Structure formats: C-alpha cells, structure tokens
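Student: Listed below are the residues making up each chain.
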Amino acid sequence: MNEKKLHIGSTTFKNPVFLASGPAGYGIEYGDLINLEKLGAVVTKTISLMPKEGNPGTRLKETRSGLLNSVGLENVGAETFFSEKLPELLDLGVKPVVSLACESNKQYLNLLELVAREGRVDAVELNLSCPNVDEGGMVVGTDPESLRWYVSKAKEILESKTVLAKLTPNVGDIAPLAVISQEAGADGITAINTILGMDIDLATGKPVFDRITAGLSGPAIMPVALRAVWQIVQAVDIPVVGVGGISSVKSSRKFFAAGASAVQIGTALFYDPELPERIIDSL
Amino acid sequence: MKEPTKGRYEVEIITCKKVSPSTFIIELSKPERFPAAMPGQFISIRVGGATSPLLRRPYSILDMTDDYITLLVKVVGRGSEALVSMKTGDPVDFIGPLGSTYFELDKGGDAVFVAGGTGLAPLVFAARRWSRERRAGEMALLYGTESGSEVLSDIFEDDFSQVYIATIDGSRGFEGDVVEMFEYLAERAVLPGGKLYSCGPSGMVEALVKSDIDSFNDHYTSLESVMACGVGACRGCVVPVTSPEGAKYKSVCGDGTVFRAEDIDWDNWRS
Numbered sequence: 001m002n003e004k005k006l007h008i009g010s011t012t013f014k015n016p017v018f019l020a021s022g023p024a025g026y027g028i029e030y031g032d033l034i035n036l037e038k039l040g041a042v043v044t045k046t047i048s049l050m051p052k053e054g055n056p057g058t059r060l061k062e063t064r065s066g067l068l069n070s071v072g073l074e075n076v077g078a079e080t081f082f083s084e085k086l087p088e089l090l091d092l093g094v095k096p097v098v099s100l101a102c103e104s105n106k107q108y109l110n111l112l113e114l115v116a117r118e119g120r121v122d123a124v125e126l127n128l129s130c131p132n133v134d135e136g137g138m139v140v141g142t143d144p145e146s147l148r149w150y151v152s153k154a155k156e157i158l159e160s161k162t163v164l165a166k167l168t169p170n171v172g173d174i175a176p177l178a179v180i181s182q183e184a185g186a187d188g189i190t191a192i193n194t195i196l197g198m199d200i201d202l203a204t205g206k207p208v209f210d211r212i213t214a215g216l217s218g219p220a221i222m223p224v225a226l227r228a229v230w231q232i233v234q235a236v237d238i239p240v241v242g243v244g245g246i247s248s249v250k251s252s253r254k255f256f257a258a259g260a261s262a263v264q265i266g267t268a269l270f271y272d273p274e275l276p277e278r279i280i281d282s283l
Numbered sequence: 001m002k003e004p005t006k007g008r009y010e011v012e013i014i015t016c017k018k019v020s021p022s023t024f025i026i027e028l029s030k031p032e033r034f035p036a037a038m039p040g041q042f043i044s045i046r047v048g049g050a051t052s053p054l055l056r057r058p059y060s061i062l063d064m065t066d067d068y069i070t071l072l073v074k075v076v077g078r079g080s081e082a083l084v085s086m087k088t089g090d091p092v093d094f095i096g097p098l099g100s101t102y103f104e105l106d107k108g109g110d111a112v113f114v115a116g117g118t119g120l121a122p123l124v125f126a127a128r129r130w131s132r133e134r135r136a137g138e139m140a141l142l143y144g145t146e147s148g149s150e151v152l153s154d155i156f157e158d159d160f161s162q163v164y165i166a167t168i169d170g171s172r173g174f175e176g177d178v179v180e181m182f183e184y185l186a187e188r189a190v191l192p193g194g195k196l197y198s199c200g201p202s203g204m205v206e207a208l209v210k211s212d213i214d215s216f217n218d219h220y221t222s223l224e225s226v227m228a229c230g231v232g233a234c235r236g237c238v239v240p241v242t243s244p245e246g247a248k249y250k251s252v253c254g255d256g257t258v259f260r261a262e263d264i265d266w267d268n269w270r271s
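Heads up: the sequence lines are chains A and B, in that order. By our numbering, the letter at position 164 of the first sequence is numbered 164, and the numbering carries on one by one without gaps. By our numbering, the letter at position 261 of the second sequence is numbered 261, and the numbering carries on one by one without gaps.
Treat each hint with caution, since some may be false.
To be verified - Distance windows between CB atoms, simulated:
| no. | chain 1 | residue 1 | chain 2 | residue 2 | range |
| --- | --- | --- | --- | --- | --- |
| 1 | B | P244 | A | D210 | 17 to 25 Å |
| 2 | B | D90 | A | V249 | 22 to 30 Å |
| 3 | A | D91 | B | G176 | 32 to 40 Å |
Worth flagging that the hints you see were computed from the coordinates, not collected in a lab. In this text the structure is predicted, and so the values were computed from the model without any measurement. All C-beta atoms in this analysis are idealised placements derived from N, C-alpha and C, irrespective of residue type, glycine included.
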C-alpha cells in the first residue's frame, strides 16, 4: 500500500488519484456511488469568499466525447462550506483539497485569511481560470504578473499549507506559466482546466450559452491535457497533477508516463463513477 | 423516513416494446438490492460502453415491482435511439434511484394528473402506487400529445378513474393542448378536486401554472432537464426558484425532481 503514497508540499496523500474540482461538487454527493475514503483526495468545487449563485441560462451541452459547461462557479461560499460541507466530507474519511476562487484582490486575501485559520484543511488548489475583476476581467492564469501575485499571496498567507496552482490551457505557451507558479512558491501544478469552447443552437442561430463561451471537458480534451502535462513536467521541478479527459485506466497511465505525479478524474465520473477506484487498483 | 440509497447497477433488458411510432416501454430486471423507488424518482442509464454519447440519460420510473423496473422512452436523439435498439438480455448499466423529492398524496385524497408526452411516466407510477396502497380517492388523467397515433394513455387507462385526451391536430379527443383542455374541464367542474400533479415539457407546466384555474391549492410538478451527474453535485441541471429563502438555483436531479410548481421562476428558466 505504502508505495502508492504521494507527498506534495507538506501533504501526504494515500495515493495519487484525486477527484477533480467541479463535477463531483463537494464530494459528499457522490458518497453512495464512490468509495471516497479510498481516494487520494477530493478536490472540492471552487469555493469563493461569498456564496455565488452561478450562471443563468443553459449550463450544460454535450459534444462528441466532450461536455461544455457554464456553471459559473456556483458555490455556498467559504463560511457555509467550512461549517456544513467540510465536516460531512471529513466524516466520510475524505482527504479534502479545497479549490479556491481567485477573485478580486481583496476578497481573495480575505478568503486566504479564512483558510489559513482552518486547521482541518492542509491543501488547497488555486483555480487560476477566474477572471481578474481588478484588471478588466482578464483570466488570472493567463497574465504572468497576476499569476505570480495570486500564487505568492497564497503561499505567504497559508504558510505551511500545500498550494497547487491549477493552470488554464487557454494560453499560447503553458510551460512558462508553470515556471512562474513554481517561482512564486507553488508546491505543485495542476493541469489543465477546461478549454474554451462554444456552441450554436441552429434553431435560433444564437449561442447556446448566455456567456457565449463555455468550458470543454471530457475525453475530447485528453490529448491537449497530456501535451500540457508533458511540457510542464519538462519545465518545473515540483510535482505535476494531470487532469483532463482521463476516461480509462489506460489514459491515466499515459499521464503518469508523461511525468505526472498524480491524476484527477472529473467528467468521467458522470458515466463511470468507479473509474478512480479502478485506477487506484491498477497502480 | 430515510431516503432510499442510490447505487450503480448492471441489469438486463427483459423487453423493449414499441407502443407508439416514437415511444417504447423498456422493462429492466430489478436488482435485488434496489431500494423502493418513489414516483418522480429516476434512473440514469449509460447508453453504450463508449464515450459518445458521453452522458448518462435520465428516465423517470414508470413502474416498479419485485421483479422489474419499467421506463417510457421516447426517441429524441442518439442516446434514446441506442437504448430502444437494445434486445432482450442486453446489459444495462444504470445509477438510481435518483432524486430526493417525489409525488405524495394524503390518504383518501383526490388527484388530477396533467401529462405531456412521456411526462406520463411518473404520474402512472404515482397512480399505480397509490392504488396499490389504497391511498387515492378519485384520480383523473389529462393527457396531451401531438396526434392520435402518439397517444400512450390507452395502455394506462385502468390506472385512473377518468382519462381525457387532447391532441394538437385534433385527430383524437380534445383539439388543442392539454392545458386548454384542463381549463375547459375545470371550468365545467367535471374534475375531482384535490391536488394537481404534472409532468411534461416546461412550456406545458408553465402554462398550467399561469392558467386562471385556482380550484387546486397545490400543484406539484416533476421537472425534466438535461443532466450530467444525476446526484446534485455538478449544478448543471439547475432551475431558478422564486422562494426568498436559500439558493436562487435548485438542481432538478438533487433537489427535485418534484417541486411546488409555484416556486419555479418560470420567466427565467429555459430547460
């Protein structure tokens, strides 16, 4: 069993197979379908300081071997998460990694202060695909200086807690952004978040989603994720957590072969909830 | 009462029978451990073993006995097409029972059911269940569909005390939609009172909510939506609600499928 153990930063995970942030909600919703205790970790849906109601209009559209989503980071907010959701998750024997929204500078700092005082959490993942509301809405993780600021503040305020920087693939060259995250103190890199896409409803000729674009996940993006992980592994010395379209034990092995230290399963849970457990058994 | 526990099951197709040009009744073997599902709950089926179609397809439970679970499946796309082409003995992978709210009836109460298309499924399940429990008084079904050849309610005639059929093209029964028929019948006081239960396209349920008939105090509806997780996790199948307390969006799969129809913010929902 011990050879499956994994260390990232100050955190020990019992194995390198995590649930990805988003599809599995707070994790507890999947308690009847997945043996959550067996997993290396559950990365929670992204938590913001204040509750977020999420996006109006259509939120899901299936594509060929993929899924577009425009959920809009709907979540209960940090306060309710820590008082209601986290205890349930811990009761199920889950190792939580809390995904944090990189919102406005002040709210982000306030969120970090809250997490810093939270003894039950020793690992976070920064969702760097959030728009930077202080800098005209540009996605945090696409701007080197924003990225550096968000990662370094997390390390500074969270001190010994483990910080994973989850990068967006919607950039020209992802490796330099991984290097910046490492320089800013990240303990590991998670790659990738969803790829920007869209769809048009031919009956109306209009975009399906109110926000026009949506995030593509699922098996369709696996080669893009694998390429990103490969490039990042060549560029940094810290552990890389691979995520994006893993749909079988075989595809998970490709990520490990590319140098990933761990993998995350997201969209595959919808059709194959036991995949993470099969990957663990295959290690 | 503790909510029945959901799980993933692998079962077999017992029969797949065409009951109208576009609709099939599929009988699945019931797994031994499968808990007692309630009307309005659903199962989510993995169609094919590959990743296209990617998502499981949700189907309301039409009926359930000790030996089988039945579903009403209308062919609308790749998923349902693949499902109805399955043969006796073919394996089916599903998760369920899903949904945390369901249709309920006070003992001895009357019920009026309004169904559009395959929205019939949870209403038939409710009627059968309440008959078996000797719970219901009068149960009237108002059923609407496009044309006479698509009328499914004949199969379920014995499950209701009264059945009224509406077709858009007027080829059978009332000419018009089911809500117009509902208003016509309600104005003439031929329907039992009691509670109103509906399931069908969102436009139908919205029209029902906005109709002028106020002789029903409670209207409960089982909503349909595109779903991904089926367990309330991904927040993909949300519906806006008007009730001031709590979240602005509720998930159809996790918080539903049955809602008080008045609580839905119909003006801001496109299912």
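Student: State for each hint whether it applies.
Tutor: Each hint, compared with the structure:
1. Here the CB-CB span from P244 of chain B to D210 of chain A is close to 24 Å, well matched to the stated 17 to 25 Å.
2. For the hinted restraint 22 to 30 Å between D90 of chain B and V249 of chain A, the CB-CB distance of approximately 25 Å keeps it satisfied.
3. A hinted range of 32 to 40 Å for the beta carbons of D91 of chain A and G176 of chain B is inconsistent with their spacing of about 54 Å.
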